[in-house]
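Chemist: Numbering (my numbering), first residue to last: 1 to 131.
In short, the hints are calculated from the structure, not lab data. Think of the CB as a built atom: it goes at the ideal place given N, C-alpha and C, for glycine as much as any other residue. It is possible that some hints are incorrect.
[What the hints assert, rightly or not] List time: in silico DSS-like cross-link candidates among lysine-lysine, alpha-carbon distance up to 25 Å: (1) 101 with 81; (2) 94 with 81; (3) 81 with 48; (4) 48 with 94; (5) 48 with 34.
[As the list claims (entries may be wrong)] The following label-pair restraints were derived from C-beta to C-beta distances: (6) 108 with 88: 18 to 28 Å; (7) 42 with 92: 32 to 42 Å; (8) 33 with 108: 16 to 26 Å.
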Amino acid sequence: EYVLPQMVTDVITSFPQNSHPMAILIASFSALAKNQCDQKTDGELECKLAVAKVASIVALIYRHITNQDFIQADVGLSYSKNFIHMMFDISSYKFTEIVDKALDVIFVLHADHEQNASTATVRMTGSSGPN
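When you get a sec, could you build the whole thing from the sequences and use the hints?
Modeler: Here's what the structure looks like:
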C-alpha cells in the first residue's frame, strides 16, 4: 500500500524545489486526507493505509527537493528497509536485521514522543468522526 494517489504526487511535485519540506508534507497529508475521504472505507483501514503511505510521501518529498527521480517501493522489504530504499536507492547496501529493528524502534519512539498537545487535540477531534 505504498503507492501514492496521483493527487498526492501532483501536490508534492507542484512545489518549487526550494520549498520547506514540512510545508510540502502538510499539503501532502491534506491531499491524502481528501483522497482517503473519497474512498469511504473503514476508519481503521483508512488509518493503516495512510500510515503505509507516509514513507512514500516523505521519500518523494526528499527526492523532489534534491532533484532526483522517485524510487518505487519494493513490497518485499520491511517498512524501515523500504523507507531507506526509496530515500537513497541503496540497492548495493546489505541491511542487517539489527539496523532494520533499530530503525523500527526509532520510528516508534519518534511517533510516541511527537504526541504533543496540538497532536493530541487533532487526534481527539479526529477520533470523534467529524467530517
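Chemist: Look at each hint and say if it fits the structure.
Modeler: Tested hints:
| no. | hint | verdict |
| --- | --- | --- |
| 1 | 101 with 81 | 10 Å, holds |
| 2 | 94 with 81 | 10 Å, holds |
| 3 | 81 with 48 | 18 Å, holds |
| 4 | 48 with 94 | 28 Å, violated |
| 5 | 48 with 34 | 16 Å, holds |
| 6 | 108 with 88: 18 to 28 Å | 21 Å, holds |
| 7 | 42 with 92: 32 to 42 Å | 40 Å, holds |
| 8 | 33 with 108: 16 to 26 Å | 23 Å, holds |
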